[in-house]
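> As given, the protein sequences belong to chains A and B, one line each in that order.
Numbered continuously in the working numbering, the first sequence closes out at residue 350.
Numbered continuously in the working numbering, the second sequence closes out at residue 111.
What the hints contain is simulated information worked out from the structure, not anything from laboratory work.
One or more hints might be untrue.
FRET-style restraints, in silico, Cβ to Cβ [as the list claims (entries may be wrong)]:
#1 H141/A to N77/B: 32 to 40 Å
#2 G39/B to A271/A: 23 to 31 Å
#3 G99/B to G259/A: 42 to 50 Å
#4 R116/A to G39/B: 45 to 53 Å
#5 N260/A to S110/B: 57 to 65 Å
#6 G92/B to K128/A: 53 to 61 Å
If you're wondering where the values come from, they're calculated on a predicted model, not measured in any experiment.
Ideal placement from N, C-alpha and C gives every residue a C-beta, glycine not left out.
Below are the chains, spelled out letter by letter.
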Amino acid sequence: MPSLKRQHHELSDSFVQLKVLNREDQKGAHIPKFGDKLQEIALLPLTSTGVEIFQVNLGKMCNQTCKHCHVDAGPDRKEIMPREVMEQCLRVIREGKGIHTVDLTGGAPEMNPHFRWFVEQVSGLGKKIIVRCNLTIVLAHPKYYDLPAFYRQHQVEVVSSLPHFSASRTDAQRGEGVFEKSIRALQQLNAVGYGQEGTGLSLHLVYNPAGAFLPSSQKSLEKEFKRKLKQQYQVDFNSLYTITNMPISRFLDYLLQSGNYESYMEKLVAAFNPAAAAGVMCRNTISVGWDGFLYDCDFNQMLDLKVKETYPQHISTYEKEALDQREIVINQHCYGCTAGAGSSCGGSTT
Amino acid sequence: MEKTYYNPADLSKFGNIGEFEPNLAKKFFDYYADVFKEGELSEREKALIALAVSHAIQCPYCIDAYTTESLQKGSTNGEMMEAIHVAAAIRGGASLVHGVQMMNKAKEISM
Numbered sequence: 001m002p003s004l005k006r007q008h009h010e011l012s013d014s015f016v017q018l019k020v021l022n023r024e025d026q027k028g029a030h031i032p033k034f035g036d037k038l039q040e041i042a043l044l045p046l047t048s049t050g051v052e053i054f055q056v057n058l059g060k061m062c063n064q065t066c067k068h069c070h071v072d073a074g075p076d077r078k079e080i081m082p083r084e085v086m087e088q089c090l091r092v093i094r095e096g097k098g099i100h101t102v103d104l105t106g107g108a109p110e111m112n113p114h115f116r117w118f119v120e121q122v123s124g125l126g127k128k129i130i131v132r133c134n135l136t137i138v139l140a141h142p143k144y145y146d147l148p149a150f151y152r153q154h155q156v157e158v159v160s161s162l163p164h165f166s167a168s169r170t171d172a173q174r175g176e177g178v179f180e181k182s183i184r185a186l187q188q189l190n191a192v193g194y195g196q197e198g199t200g201l202s203l204h205l206v207y208n209p210a211g212a213f214l215p216s217s218q219k220s221l222e223k224e225f226k227r228k229l230k231q232q233y234q235v236d237f238n239s240l241y242t243i244t245n246m247p248i249s250r251f252l253d254y255l256l257q258s259g260n261y262e263s264y265m266e267k268l269v270a271a272f273n274p275a276a277a278a279g280v281m282c283r284n285t286i287s288v289g290w291d292g293f294l295y296d297c298d299f300n301q302m303l304d305l306k307v308k309e310t311y312p313q314h315i316s317t318y319e320k321e322a323l324d325q326r327e328i329v330i331n332q333h334c335y336g337c338t339a340g341a342g343s344s345c346g347g348s349t350t
Numbered sequence: 001m002e003k004t005y006y007n008p009a010d011l012s013k014f015g016n017i018g019e020f021e022p023n024l025a026k027k028f029f030d031y032y033a034d035v036f037k038e039g040e041l042s043e044r045e046k047a048l049i050a051l052a053v054s055h056a057i058q059c060p061y062c063i064d065a066y067t068t069e070s071l072q073k074g075s076t077n078g079e080m081m082e083a084i085h086v087a088a089a090i091r092g093g094a095s096l097v098h099g100v101q102m103m104n105k106a107k108e109i110s111m
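Okay, chain A solo, but in the shape it has when bound (with noise of 0.2 Å):
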C-alpha cells in the first residue's frame, strides 16, 4: 500500500487536515474548540513544565504500511534524519540537564544508516534511550538480525506496536503477516533477556484500537494481553500501553472514508478528562523532526504544526530556559490525548 504523500491523497497535505478538523460547517460545528476545553478547566495557555523526555523522529521511512499511521510511513517515504542534525540533537542532549530520556521513532527508526551511531552517542551520555520498534524489522534483513543483542549491549527499552493478540486482528492494521512476525521477533527478544524478570530489559507493547473506538482499561487489557501471550506463544513483556488513534493522517483517511468521523470526534470529546489534560505528554516533550525542527510531539509534528513561533524553531538554535517554559500549541486532534484514562507515548496518563 502507498502512503497517501505516494498517492497525492489531499489528506497528505497538513493544512488539508487541519480543515477537515477545524470545520465550522453543520457537521464540524458541534466539536466544542479544543481551547475552550482548557479554558474551562483554568489549562490555557498550555505550558511546558520543562522539558524531560527529548523524542527524535529519525525519519519516515518504514517497512510497514500501517492502516492507522500518523506519519504516513511507508517504504515510499525517503526522509531521514542527517546525520549533521543528529549531531545538533546530541549538543541538546549533552546541555540539556533536565532531560533523562531520549525516545527514538520513525518510521522503523533502524532504517536510518546512522541509527546504530546514533544510540552509541546517547547511551554514552548515560541517558535512558526508549526506541519504538515495530517488530518486524527486527526480520526484515539480514542486517537487522542482531537487534536484540544490540539492545541489549546499549540498555534500551523497546517499546512496540501489537494491537492486538489475535492475528487477523493485528495484520487488519498491520498489513498481513505481521502479527507472525512479530510474535518471532518478540521471541528473539525474550531470547536476550527482553521482559524478564531480573534482566532489567524493558519490553513494552503498545495497544492501539483496530477500529473507530477508544481503548480500554490498560490494566485490564494488559492482563488479557499477558495471558493470551504466554498461553500461545511464550511471549514475555513488562507493561501494555494502552494509546488513542489520533483523528490525523491514515487515521483520520479512514475515518473519513468509513463515516466513522463525527461519532469518533463525539466519543473523543465526550470522553474529556481534565486530569488527563493536565498530564498531556507535551507538557515534558520536546519533538524533533527529520529535518531538525521543533515540535511540541510527534503528532504536532506530523501536522506541521511547529513550537510557537516566538520560541526557537530549529535544534541549531535551541534554547533550552525559553523552550522549557514553552506555550504549547493545541489543535482539536489534541482531544485525542485527553480522552478516558489519557493517552500518551507511554500508555494512558491518569
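Once you've looked at the hints, dock chain B against the given chain A.
Below, chain B without anything else, positioned relative to chain A:
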C-alpha cells in the same frame, strides 16, 4: 415525539433517567458500575456476557453499547459471535425444551 421508538442518540442519555427519580437511578447506576468491575470474571468476559444477553433480550441500545465495549476490551469478532450463538442456543433451546411439555400433554390426552 420521535417517529421511531428507538433513536441511537438516546443511548448517551441513559444517565438522564435520574431526572424523574434520582435516588433509584443512583442506586441502579452504582450497582451497574460495580457489576462490571473486574472480579472472578474479567471486565472483558463480563462485556461478552452482556453482549450475549443484549441479543437474547434484543435490546438495540445494549447491542450498540456492548459491541463497542467488547471491542474496546480486546475481544475478537469470533469471540463476540460465539457469545451470540450461546444466547441463540439458549433461546432456541428454551423453546424446544417446552416440546417435552407438549409431548407430555399430547400423550396424556391421546389414546
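> It remains to establish, for every hint, whether it holds in the given structure.
Hint-by-hint comparison with the structure:
Checked against the hint of 32 to 40 Å, the C-beta distance between H141/A and N77/B comes to roughly 34 Å, which is consistent with it. Checked against the hint of 23 to 31 Å, the C-beta distance between G39/B and A271/A comes to roughly 24 Å, which is consistent with it. Taken as a hint, the range 42 to 50 Å holds for the pair G99/B and G259/A, whose Cβ atoms sit roughly 45 Å apart. R116/A and G39/B have their C-beta atoms about 48 Å apart, which keeps the hinted 45 to 53 Å range intact.
Judged by the Cβ atoms, the range 57 to 65 Å given for N260/A and S110/B holds: they are separated by roughly 59 Å. Checking the proposed 53 to 61 Å range against G92/B and K128/A shows it holds: the Cβ atoms sit about 58 Å from each other.
The structure fails none of the hints (numbered hints given earlier).
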